[in-house]
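Listed below, chain by chain, are the residues.
Number of protein chains: 2
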Amino acid sequence: MKIIYLDEIKKCLEKIDIIPTIEKGFVAYSTGKVVIPPIGELLFKNPPGDVHIKYGYIMDDNYYVIKIASGFYENPKLHLPSSNGLMLIFSQKTGVLCSILLDEGYLTDLRTAAAGAIVAKFLAPRIVNKIGIVGTGIQAKLQLEYLKNIINCRDVIAYGRNDHNLSQFKTEMENKGFQVTPTRTIEELTSFCNFIITTTPSTSPLLFANQIQKGTHITAVGADSPHKQELDENIFKNADVIVADSIKQCVERGEIAHAIYKKIINEKQLVELGNIISGKNMGRIDDQQITIADLTGLAVQDIQIAKSVFEAGGFS
Amino acid sequence: MKIIYLDEIKKCLEKIDIIPTIEKGFVAYSTGKVVIPPIGELLFKNPPGDVHIKYGYIMDDNYYVIKIASGFYENPKLHLPSSNGLMLIFSQKTGVLCSILLDEGYLTDLRTAAAGAIVAKFLAPRIVNKIGIVGTGIQAKLQLEYLKNIINCRDVIAYGRNDHNLSQFKTEMENKGFQVTPTRTIEELTSFCNFIITTTPSTSPLLFANQIQKGTHITAVGADSPHKQELDENIFKNADVIVADSIKQCVERGEIAHAIYKKIINEKQLVELGNIISGKNMGRIDDQQITIADLTGLAVQDIQIAKSVFEAGGFS
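Sequence lines, in order, name chains A and B. Taken in order, the first sequence gives residues 1 to 316; the numbers are from our numbering. Taken in order, the second sequence gives residues 1 to 316; the numbers are from our numbering.
Pulled out of the complex, with its shape left as it was, chain A reads as follows (with noise of 0.2 angstroms):
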């Protein structure tokens, strides 16, 4: 039994490309080749925070993986982070723990921003103006990175309500190649913008309708529970692709499920982001489709990150 910690994970990491390993999960997800049970969950109150335990395995696989995560927000006056978390990976044949990974939430911010790199490969229009970052944290930043072998555009407009964030992310941004501009007008992003992710764990939308041009992409990564939104629902008015990474979860949590539960769109329009990697369904297919991806986060990205680590170190 290995365990992994933060720094040799890092190193793994190096040695390897997740997207590839990524899509294959989100490809046996849609197929359904994957066990995911219910999310296990446990909440405080004081001080508040909550643990979700995801876990599953896909189908004559070697492994299954168990990833606890959890968030305290008060942590941060403590001065700890308020995220944390590791992963075990387990033997599907005998039960023997094989691996734990101490990854202290890491792995999870990689394989979200890895999903929004495969869903620019099939969605992202032919011509990216700029691309459009909104939220200025640990997700807004990897997504950018790992935008940089997909799209050839370098230039990024960053929207955020604190300047101290903006500015940060502007240096860290352009220390790796990106151009920031630096906004706190949501109209400066969309005007521009035909690329846009969205990374903020807001309760209220930032996008609405009428700010969304022709052709542009948006992908939601923020939104993983029922009570969080950055969309505005009449978006999906206008959208002519809808992707979700799991159909089932998303409507129930995340930009879709506002959307259904507004009767704007139904389940029926919806596609799967696996199906579309599988070539099953068609991604983009012309320059002015409006098209959104919703990210809730599925256990295979886990369970598919965690082997890739494990692999890759020369432990399995």
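Don't take each hint at face value.
Because identical chains share one entry, a pair is satisfied inside a single copy or across any pair of copies.
Taking lysine-lysine pairs in the DSSO-like style, the calculated list, with each CA pair at most 27 angstroms apart, reads [said to hold, decoys possible]: (1) LYS121 / LYS170; (2) LYS45 / LYS24; (3) LYS45 / LYS248.
Think of the hints as simulated: they come from the structure by calculation, not from any bench.
Chain A is fixed; fit chain B onto it per the hints.
Quick look at chain B alone, frame taken from chain A:
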């Protein structure tokens, strides 16, 4: 974060008496101070295996605990134990991982045996003529060992279906100060023993109502799922005190569930172990009563034993 391997766990256990800790857990549970979500489950077909995730916390405590336990029943062919497991201890205030107890399922065995000893304290007849043990596995041995500090009797009749296992049980337990008479006839056990513990994974009854004498106590440990059963339901007809580790859990799985399903008893007749320990309900009140305790296993036992080991090791 401290990783504690089985050897070290065993050393920590030498320093502590787990009985009062587990008792406190049962009392907290029965007074509504324990949060335990539904058990998480993964099932495998080829080879057959099951994984259970039990987790929860005592309110206003320092920690929450997640236990992962697996059973892969063809493992012995590979010279591996069928059961395996680990426990994870986290801070209830920050979500930070405090310890990983790589106990390989050992702590689950112990916390189950401890519950048997606690039951004996409150329900055993004043004078135990002979102790009857049904089954010869790890749990049969541990239950007997843990009775040593509770019951003076050292005379044991052990029932099993395999001569080799019976003679192994006899040798091991005689080395620990018991006199063991092995039998392959259940009536030999029931006619002499007024304190009986059943510890098998049987799916059909081994003990029947006409075999049970007045004044007998039975602790049923084996049945922890809806299809397992060691006691014929009619035994409950003659019972004066029926104890459940958790009423909620026992109406769904274990011996009591069968008796309720067949309408031999109803939920109102059940008494919860935590309420007997706290004195809210009576245990045995005379030597003519037939008493039964059904132990299906609670996450609060895992929480309590994990915390004790962690604290006894000086890691907290």
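Going through the numbered hints above, which ones does this structure break? Give me the numbers in ascending order. none
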